[in-house]
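Here the protein sequences come in this chain order: X and E.
Residue numbers 33 to 139, in our numbering, belong to the letters of the first sequence in order.
Residue numbers 3 to 249, in our numbering, belong to the letters of the second sequence in order.
Derived from the structure by calculation, the hints contain no laboratory data.
Just so it is clear, CB atoms sit at the ideal spot from N, CA and C, and this is done for glycine as well.
Just so you know, not all the hints are guaranteed correct.
[As the list claims (entries may be wrong)] Between beta-carbon pairs, the in silico distance windows are:
{"hint": "1", "chain 1": "X", "residue 1": "E124", "chain 2": "E", "residue 2": "E236", "range": "53 to 59 angstroms"}
{"hint": "2", "chain 1": "X", "residue 1": "K134", "chain 2": "E", "residue 2": "A179", "range": "43 to 49 angstroms"}
{"hint": "3", "chain 1": "E", "residue 1": "D181", "chain 2": "X", "residue 2": "E124", "range": "35 to 41 angstroms"}
{"hint": "4", "chain 1": "E", "residue 1": "E155", "chain 2": "X", "residue 2": "E78", "range": "29 to 35 angstroms"}
{"hint": "5", "chain 1": "X", "residue 1": "P123", "chain 2": "E", "residue 2": "R227", "range": "55 to 61 angstroms"}
{"hint": "6", "chain 1": "E", "residue 1": "R220", "chain 2": "X", "residue 2": "D83", "range": "57 to 63 angstroms"}
{"hint": "7", "chain 1": "E", "residue 1": "D235", "chain 2": "X", "residue 2": "P123", "range": "55 to 61 angstroms"}
[Unchecked claim] 27 angstroms max Cα-Cα, derived DSSO-like pairs, lysine-lysine:
{"hint": "8", "chain 1": "E", "residue 1": "K37", "chain 2": "X", "residue 2": "K98"}
{"hint": "9", "chain 1": "X", "residue 1": "K128", "chain 2": "E", "residue 2": "K146"}
{"hint": "10", "chain 1": "X", "residue 1": "K98", "chain 2": "E", "residue 2": "K86"}
{"hint": "11", "chain 1": "E", "residue 1": "K159", "chain 2": "E", "residue 2": "K37"}
{"hint": "12", "chain 1": "E", "residue 1": "K128", "chain 2": "E", "residue 2": "K148"}
[Stated by the list, open to error] For the chain X half of the interface with chain E, some residues (derived, Cβ under 10 angstroms), not all of them:
{"hint": "13", "residue": "S60"}
{"hint": "14", "residue": "F80"}
{"hint": "15", "residue": "I120"}
{"hint": "16", "residue": "G132"}
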Amino acid sequence: MTDTDADSNSDDVGEDTSDKIEVLFFKSDTCAFCPRAEEVLRETLEEFGADMFKVIVYNVSEDPEKAEEYGIFALPAIIIGGMSVTGIPEPEIIMKMILGSKLGTRS
Amino acid sequence: MSQYQIDRVKTGIPGLDELIEGGFPRGDTILIAGKAGTGKSILATQFLYRGAVDYNEPGVLVTLEEPPRLIKRNMMRFGMDLDKLEREGMLSIVDLSPARDTPLNISEYPSFDLSGLEAIIMHHIKKVNAQRVVIDTISILAYKFKARDILREELFKLCAHITSTGCTLLLTSEIPAQDTGLGVFDIEAFLASGVIVLYNEKISDTSRSRSIEVLKLRGSKHSSRIHSMRITDEGIRVWPGEISPGT
Chain X
33 MTDTDADSNS DDVGEDTSDK IEVLFFKSDT CAFCPRAEEV LRETLEEFGA DMFKVIVYNV
93 SEDPEKAEEY GIFALPAIII GGMSVTGIPE PEIIMKMILG SKLGTRS
Chain E
3 MSQYQIDRVK TGIPGLDELI EGGFPRGDTI LIAGKAGTGK SILATQFLYR GAVDYNEPGV
63 LVTLEEPPRL IKRNMMRFGM DLDKLEREGM LSIVDLSPAR DTPLNISEYP SFDLSGLEAI
123 IMHHIKKVNA QRVVIDTISI LAYKFKARDI LREELFKLCA HITSTGCTLL LTSEIPAQDT
183 GLGVFDIEAF LASGVIVLYN EKISDTSRSR SIEVLKLRGS KHSSRIHSMR ITDEGIRVWP
243 GEISPGT
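Bound-form chain E, shown alone:
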């Protein structure tokens, strides 16, 4: 095997880098999939926070679901002050949450592209010279637009455009309850060169167990086990040596 080393981005999640040869391949698109309450948004936001604080890599957080004030409040619980990062120009939060007062879309014709969303995100990437981007969550797009085939193609283009700037892109995807796929599009896994799945499974009548699985990561030898994960006072932590009791 060649000695060529892929440039990697530290995830900022203690324990996770050990499962994936040291980090995400720089400039790749990584999907973080999981059911509601599994910690997708925390993991993705922690990736941005630690990237800025520990590795001096500015980031852009595109929120399509939760309003920024709630994200900031929730991340403060882990001692992650996003306001401060914004003031320092290390983070730009793009508020595209439904809570905003925006025009009511009354009709959609199957002749559109996502160049509006692309222009917004690219503008923020340029503004802070971002190296990390998170879109949380792409599932919202499936509820916002009816034309799934157009959306799929446009999502491919959007991801390609963002990563062409050198940014490493994390997409979160919500797996609907009772569903066995990786999200509402059925193509989430193809969209990304890496897929990480989070679980919060009931293991007895009185307890649940959090775990994490690296389903695929192109260009990397990764663990094929499901590992224990916890949400601690300092955010998400993975125990690489610990196999989840729920599996």
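Next comes chain X alone, as it looks inside the complex:
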């Protein structure tokens, strides 16, 4: 799993991530549900095959423009393949989003 933490501005580590599925996770400093949501997300991605994903974490307390850009009002929020989910998700919905995004990119 390529992990890009937007908080620390660390960009990709030189590896080619173009074929990876992009997963955006939005959190804030005050969001009580965010740590659990991130755990569920990471566990689910691990099960799926962690090297398939490029995870980008946005902390909107530090980067409010990203919340505005994606129209994210409520946190935690996860975006995969043009779909978003709000709150602490069940693993099944994350899997559905991953499958949906794979179908969407197949040409």
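Go by the hints and put chain E onto chain X.
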């Protein structure tokens, strides 16, 4: 009674200040409720425009419904150039309208807060050093999220956070047709320390009459009548001495 004077914010609506002891109490949350087409958005945007132009108070307009280009076009009809205010750093418009191309929300779990919306608004407040904020309209949130109890609590927190910066906050709320309440949440009136209701009632087969009522305004002696209101070439105007013919 004490001689203590509450600091007030001029509304920028000719005639309205006279009904409410000179303006909205600074730092309060005021709800502008009304059915579709009653002039809520015009009143709220005029509050920001006149605040910036006449009183040198920068503002933030958070639009959850209408795209900015339509708001700007509509306000130009009243000679209110919002583009110019944006360029001068006196206004920041936050476009959170559904017309934008944003991810499709496919599921919502009842474990969320509105800290995303809060971060966005606070960022814009800081950017222009705003003293006035408008959220138009909070009713959209009720359609966007299913968990009403969470939304209510989060709206309270959001309003408290915004006004803690010293900003005076106007929320608009659309009263659904045939409804007798003040909006879709049933709590709009509790949310705000002031409630203003706009009407556009049919008074005969061929005419309607616009009017305005100050339902409550904490810390203020206000008119208990329903007053005539018109949308003129210069925006909304209230006639304090004129009682609406529809009442």
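Which of the stated hints cannot be reconciled with the structure, identified by number in ascending sequence?
Violated hints: 8, 12 and 14; rest satisfied.
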